[in-house]
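> All chains should be modelled from the sequences, with the hints used to inform the complete structure.
Sequences listed follow chains W and X, in order. Letter by letter, the first sequence follows residues 1 to 271 in the numbering used here. Letter by letter, the second sequence follows residues 1 to 261 in the numbering used here.
No lab work stands behind these hints, which were simulated from the structure alone.
What follows is a list of derived Cβ distance ranges for each label pair: (1) X:Q70 to W:L184: 23 to 29 Å; (2) W:R200 to X:Q113: 38 to 44 Å; (3) X:G144 to W:V262: 25 to 31 Å; (4) W:G135 to X:Q113: 51 to 57 Å; (5) X:A171 to W:S119: 37 to 43 Å; (6) W:S119 to X:F111: 38 to 44 Å; (7) W:A109 to X:G144: 35 to 41 Å.
Each residue gets a CB set at the ideal place from its N, CA and C atoms; glycine is no exception.
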Amino acid sequence: MRRLINLQPNRALKIALGIIPFLLILLVYQISSDIRKAENEQDKLLPSFTEIAAGINRMAFEPSQRTGEYEFWEDTKSSVKRLSMGIAISAAIGLVVGLAAGAIPVIAAPLSPLITAISLIPPMAILPVLFIVFGLGELSKVMLIVIGVSPFLIRDILQRTQELPREQLVKAQTLGGNSWQIVLRVIFPQIVPRLLDAVRLSLGAAWLFLIAAEAIAATDGLGYRIFLVRRYMSMDIILPYVVWITFLAFTLDWCLLKFSRVVFPWYHAEK
Amino acid sequence: MSAFIQLDHLSKHYRDNVVLENLSCKVAEGEFVTLVGASGCGKSTFLRLLLGTESVSSGQLLMAGKPIEQEPSPDRGIVFQRYSVFPHLNVRENVVLGIEFVESAWLGRLFGQRRKAALAKADELLAAVGLEQARYKYPHELSGGMQQRLALAQALIKKPKVLLLDEPFGALDPGIRKEMHDLVLGLWRQYGLTIFMVTHDLKEGFHLGTRLWVFDKVRHDPHAPNRFGSTITYDLSLQSKDKASTIAAIDEINAQLQAVE
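Following this line, the structure appears as C-alpha cells:
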C-alpha cells in the first residue's frame, strides 16, 4: 500500500471528484426546498428549480412590463461596464505610479508613505464623499472601485518592480541604456504580466465595491437588482443572480489568466 | 608595462567594516586576471568597484589614467553568475538590445533596415559563442551554460575594454564548465579583452588567467574581526604556465585558504 501523500487521482477521477461537491449542494438544496414546500406551498425562502427557471425566464427572456427592456441583460451590461472601467482605470494608475515609484527612488520617497496611508482608508467609509463629489451617476460607482483597488495595485507593482533582480538593471546599464530606455525595455515588459496577476487578485474586492455602490445608489445593475427584489423576498431571482455574478467573476479571472499565459509564456515558465 | 587599470592605495570599508585595505597594483591591457580567495574576502567587492556599483573609500582606482566611472557603463561589460539575461526577450533580442539602446534614444527599439543590420551583427556574435541554433529561443528554454553564453554575447556586442566575470561558471556542471573555459579563452584572444574574473575554483583561476590574485587578510584582530580588511596577498604571473611551480603554488595557496576558513 502506497502512502496517502503519494496517491494522485488521475485526470478523470480528479474532474469527477471536483464536480461531486457541487452536485451535493444542489441535492441538499432540492431536498430542503421540497421539505419546506411540503409544509407551505407558498414558501419563498427556498424556491424550487422550476420557480427559479421561471424567474430567470422572466428577467432574461421577457421584456420588462415597465421599461420594455430585458432587465437581466441590461443589469449585466451596466455592471460589467462599471467593473471593467473601474478595473481598467485602477490598473493604469497602478502600473504608471507603481512602476515609476518602483524604478525611481526619488519618486518613491514622497509617494510611498502617502500611498500606504491612502490604502488604509476603508473605501466604503468615503462612499458618501464620492456621492457628494461625483454625484449619483456612473462616475461615483467607478470611482469607488478605483479608490478601493488602485492603492493595492500601486503597492503591489511597486514591490514587484523592486523585486526584479538588481543584476538585470546593472547589465542594462553596461549595455548603454539610460533610465528611460531601461524602464521601457527592461522593467515595463516584465511588470505587465505581474500587473495581470495583481489585477486577478483584486477582482474580488472590485466586485464587492461595485455591488455595494449599486446597492446604495443605482437604477440598474446586478447589485441594484438583488437589493431591489430583496424587498419582495424574491429568492427565485436573487439566487440565479448570485450564481451569474460568480460565473462572471470566474470567467473574467480565467480570461486574464489565459491571456497572460498566451502573451507572456516566458513569465509562466519562470515560475 | 603600461598601466591600463591602476590601483593606488585603494581601500573600501562600510562604516567600521573594513573590506579591502591598501591595494596597489597595475594591470596592463589584454591581461586575464583571476581573483580567488575565501568567501567574504572582498574579491566580489573589488569587482563591484571596477563595475562602478560601489565606490572607493580611499585611494584611487584608475582606468586609462582616469578615475573609474561611478556608474556601470558600456566600456565595462559584466557577466554575473545568474540573472544576466533578460527573460522577456529571446536570444537575438537580448543581444540586439545593446545596439538598440545606442541607436534609438527614445524607443530603445529599431525597425526596418536598421533593425536588420543590427540583427546581422547580433547573429555574428551568437555564432561566435555557439548559439546560432538557439536564436529564437527564450532564456527559460536554454540550459545554464547556454544562458551564460548568451550573457557573454550580450556583453561583447558593446565591444567593452574590460570584461568582468563574477563567478560566471559557478552554477554549471563540470563538463559544461570545461567548454565554457575554452570559449572564454577564445573570445579573450579574438576580441583583445582585459578580463577580471572572480572564481571559487582555484584550478579554474590557474587554468584561465595570465595573472592570479589571492585576496586574504594579513592582519587579524580576534576581538574585532572587521577591523582589518583583505589585500592581495599573492600576485602570480601565470604567463609561463610552468607545471611544477603551478602545482606548488596551488598547494601553498590551498593550505593558506584552509587555514583561514
